[in-house]
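Taking the hints into account, I'd like the entire structure generated from these sequences.
As you go down the protein sequences, you meet chains A and B in turn.
The first sequence begins at 1 in this note's numbering and counts up one residue at a time.
The second sequence begins at 1 in this note's numbering and counts up one residue at a time.
Calculated directly from the structure, the hints in this document are not laboratory data.
Result set (DSSO-like, lysine-lysine): computed pairs, CA atoms no more than 27 Å apart in a straight line:
| # | chain 1 | residue 1 | chain 2 | residue 2 |
| --- | --- | --- | --- | --- |
| 1 | B | K6 | A | K424 |
| 2 | B | K6 | A | K416 |
| 3 | A | K416 | B | K51 |
| 4 | B | K51 | A | K424 |
| 5 | A | K416 | B | K2 |
| 6 | B | K24 | B | K178 |
| 7 | A | K486 | A | K434 |
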Amino acid sequence: MFDFNVCIAGAAGDGVKEAGEVLAKLFSRMGYNVFVYQEYESLIRGGHNASVVRISDRKVHAHRFYYDAMICLEDYVLKNHIERLKGFLIHDAKFECEYSNSFPVPLSEFVKEENLSFLYRNAAALGSFCHLSGVELKFLNEVFQSEYGEKSGVDVELAKIAFDYAERNFDRLMEIPAKKSQDGNVFSGSEAIALGMVDAGLEYYFAYPMTPASPVLHFLAKKKLAYAIQPESEIAAIMMAIGSAYAGKRSATGTSGGGFALMSESISLAAMAEIPLLIILAQRSAPSTGMATFTAQEDLYFSLSPAHGEFPVIVASPLTLKDSYILAGTLLNLAWKFQTPTILLTEKHMTESYENEDLDGVEVEEVDIFSSVTDDVFPRYEITESGISRFAVPPAIVKCNSNEHDEFGITTDDAKMATEMYAKRMRKEEEILKEVKKLEPYWLIKNGQDTIVTWGSNFGAVLEAAEELGYSVLGIRFLRPLILPKLGGNVICVECNYRGLLAGLIERETGIDVARVLRWDGRPFTPEEVKEELARR
Amino acid sequence: MKTSAKITWCPGCGNFGIMRAFEKAVKMIGNARVVVSSGIGCHGKIADYLKVPSFHVIHGRVPPFLTGFKLANPEMISVGFVGDGDAMNEGIEHLIHAARRNTDISIFLHNNGVFGLTTGQVTATSPKGQKGRSTPYGNPENPIEPCSLMLMSGATFVARAFAGDIQKLAQIMYDAMKHRGFSFVEILQPCVSFNNFWGIRDEIKWVERADSVQTALKLCSDKKVCGVFYQKEDETFEEAIYRIYRR
Ligand SMILES: Cc1ncc(C[n+]2csc(CCOP(=O)(O)OP(=O)(O)O)c2C)c(N)n1
Ligand code: SF4
Numbered sequence: 001m002f003d004f005n006v007c008i009a010g011a012a013g014d015g016v017k018e019a020g021e022v023l024a025k026l027f028s029r030m031g032y033n034v035f036v037y038q039e040y041e042s043l044i045r046g047g048h049n050a051s052v053v054r055i056s057d058r059k060v061h062a063h064r065f066y067y068d069a070m071i072c073l074e075d076y077v078l079k080n081h082i083e084r085l086k087g088f089l090i091h092d093a094k095f096e097c098e099y100s101n102s103f104p105v106p107l108s109e110f111v112k113e114e115n116l117s118f119l120y121r122n123a124a125a126l127g128s129f130c131h132l133s134g135v136e137l138k139f140l141n142e143v144f145q146s147e148y149g150e151k152s153g154v155d156v157e158l159a160k161i162a163f164d165y166a167e168r169n170f171d172r173l174m175e176i177p178a179k180k181s182q183d184g185n186v187f188s189g190s191e192a193i194a195l196g197m198v199d200a201g202l203e204y205y206f207a208y209p210m211t212p213a214s215p216v217l218h219f220l221a222k223k224k225l226a227y228a229i230q231p232e233s234e235i236a237a238i239m240m241a242i243g244s245a246y247a248g249k250r251s252a253t254g255t256s257g258g259g260f261a262l263m264s265e266s267i268s269l270a271a272m273a274e275i276p277l278l279i280i281l282a283q284r285s286a287p288s289t290g291m292a293t294f295t296a297q298e299d300l301y302f303s304l305s306p307a308h309g310e311f312p313v314i315v316a317s318p319l320t321l322k323d324s325y326i327l328a329g330t331l332l333n334l335a336w337k338f339q340t341p342t343i344l345l346t347e348k349h350m351t352e353s354y355e356n357e358d359l360d361g362v363e364v365e366e367v368d369i370f371s372s373v374t375d376d377v378f379p380r381y382e383i384t385e386s387g388i389s390r391f392a393v394p395p396a397i398v399k400c401n402s403n404e405h406d407e408f409g410i411t412t413d414d415a416k417m418a419t420e421m422y423a424k425r426m427r428k429e430e431e432i433l434k435e436v437k438k439l440e441p442y443w444l445i446k447n448g449q450d451t452i453v454t455w456g457s458n459f460g461a462v463l464e465a466a467e468e469l470g471y472s473v474l475g476i477r478f479l480r481p482l483i484l485p486k487l488g489g490n491v492i493c494v495e496c497n498y499r500g501l502l503a504g505l506i507e508r509e510t511g512i513d514v515a516r517v518l519r520w521d522g523r524p525f526t527p528e529e530v531k532e533e534l535a536r537r
Numbered sequence: 001m002k003t004s005a006k007i008t009w010c011p012g013c014g015n016f017g018i019m020r021a022f023e024k025a026v027k028m029i030g031n032a033r034v035v036v037s038s039g040i041g042c043h044g045k046i047a048d049y050l051k052v053p054s055f056h057v058i059h060g061r062v063p064p065f066l067t068g069f070k071l072a073n074p075e076m077i078s079v080g081f082v083g084d085g086d087a088m089n090e091g092i093e094h095l096i097h098a099a100r101r102n103t104d105i106s107i108f109l110h111n112n113g114v115f116g117l118t119t120g121q122v123t124a125t126s127p128k129g130q131k132g133r134s135t136p137y138g139n140p141e142n143p144i145e146p147c148s149l150m151l152m153s154g155a156t157f158v159a160r161a162f163a164g165d166i167q168k169l170a171q172i173m174y175d176a177m178k179h180r181g182f183s184f185v186e187i188l189q190p191c192v193s194f195n196n197f198w199g200i201r202d203e204i205k206w207v208e209r210a211d212s213v214q215t216a217l218k219l220c221s222d223k224k225v226c227g228v229f230y231q232k233e234d235e236t237f238e239e240a241i242y243r244i245y246r247r
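The following block contains the structure:
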């Protein structure tokens, strides 16, 4: 089996992230499966950035810990990575390096000769990589052309200069053949989320920038796939989304923990007024501003209880990139079906990782909307057995209310009405439970007696480790309502937080003891690390 | 235009006049489609009483709610009733941003100089020294002047009116709703329970609109002066968005 893990490292401003994406697209075109992990710091120039690109024959949802090759653009970042390097190193000849299997290429000189900015060293580095790894240069050129269009000439030229240099000076180390020619569709988790929402009928997206949720806004705005609007704050963002949903348009907002905290009061409003709304919560390291560009799974309980009061809410967390697409669409549909807020809980490692994927399967599930003008107030909150009332939008006389209200949306403190209206809303929870049971609330992959439970982007790394060591894997997709299979044997939960939040939830639900494999350093698990942790037990 | 909801404002409250003026203004427009949102406070109850589509939202958040609504349904005239606590304390940022965006909504500020529903504390428009339940020894803060703030924020229609002069208030509300762009009307609203200033009725002076923001700022600095201070035409937020997104 072919399985190759390349790290590109440098400073912010060196184009490390772009180089990782280009490499992923290149190998995807050649018929391989790819996964890209992006690590960067919250600064614009300097610091340590790394892009780890894994290329494999089989479908993988994780990068590996050890690198088979590395491209290094700055000397000082090498020390962060050298212990992981088990293969060859390409580095800028502007610095010396003691690593035995290294190939210096005068990248800085090439760009200087061409009078270009240092940013273009990444293109040159990829050219030399193609020679050493035995990849035809034409694939790289194709990616440059499809990515940068008319502006790709410079990248193509620099890649050629560095390829020729490598060819003259070094022997080819390996041969990576093209398996088949394909489109090379590579998406980030954010893009998958955006496309899932759009395919489920998203028309309005309001968001205030916050890493790692911002790329969803950027992507929608750039491609004009929905009205993508940046208001003055997260509070404004969610209130605007509530406004457009009240007008009958599918709307969503997205943020990370701090912004979600600000949205809390409006989530409660949406629930009380029974406004359908999807909220993307992309977790990063916390409390407070924490480590802005690093991954975490600390907001589980926050998302399950996102605001004051009791109300139905649906929370789901995608296990893979394709699942990000599916669940984003599913949750938008569910919001409209049940007229309540839904939350897509994900994390930086998912939104900013890349995989090759075909994103399809999400469709708009239409709901009836009454919008005719009549003389009477529409009974928007009619008490029904399922708890779901007919949906109406202006110009129909539809009255929504943040106060407890009667069937017409008019404020009431009446004990009987309040009892019935509250119960009506809460009855939706039973309907939601029935629906979620039909929607693969979890994935269970049987390999052995003992089970590793996990959620979110850990799934990829856990799956690989479990397959090798003979553990079953339980990946939880829907967190509220939480539906669990029967669990025998030992149960070990892998997650990125301090206390083992999902583990605690399962213990409370089932009464069984759950062992924990945890980390809270902002870094995602790799399969090797999960294996080591399990071996230690 | 009334629903069956029982009105729970104190007898003599300025809110009655505001509601009557609004009903008149809507009739003047004819078969217009109007949607209403209100904030939290006594003023917010108006949504219950009017037989129009409405959304009674949370404290201070009327402007972004209406911005989202207006973008999604540009056909409807979108009106926000807000309180001075509601829009000048909590949520003041939204009002400033709505003004600078020139989103095509009308904001009617019920300025009674107190928190009514929470029983008489001072708000951001209460004068320094005013006594309230949380400031028994006098308000230590200086007030905000809502019309100046809106003029400085780029509002394209700024006016002041008095809840006791229903005819004039209705005309100004009509002009505001007809205005293409962000319109702001400060309504001096006596609160009989906590800040009764019905006495100013005879002191109110009406002025003609100014042709510059500078002059308008001068006009509105006298709290007993009413009228449309300023109005201008500009591209609205919705128009700008549709222009960009023409797809
Ligand atoms: C977030 C939040 N904070 C505080 C309150 C309590 N509250 C209810 S009404 C009100 C004051 C409203 O004052 P104003 O806007 O002047 O309206 P009025 O009652 O005078 O019409 C406050 C603070 C609330 N409902 N929500
Ligand atoms: S407390 Fe004041 S504002 Fe509230 S209803 Fe009574 S008079 Fe009106």
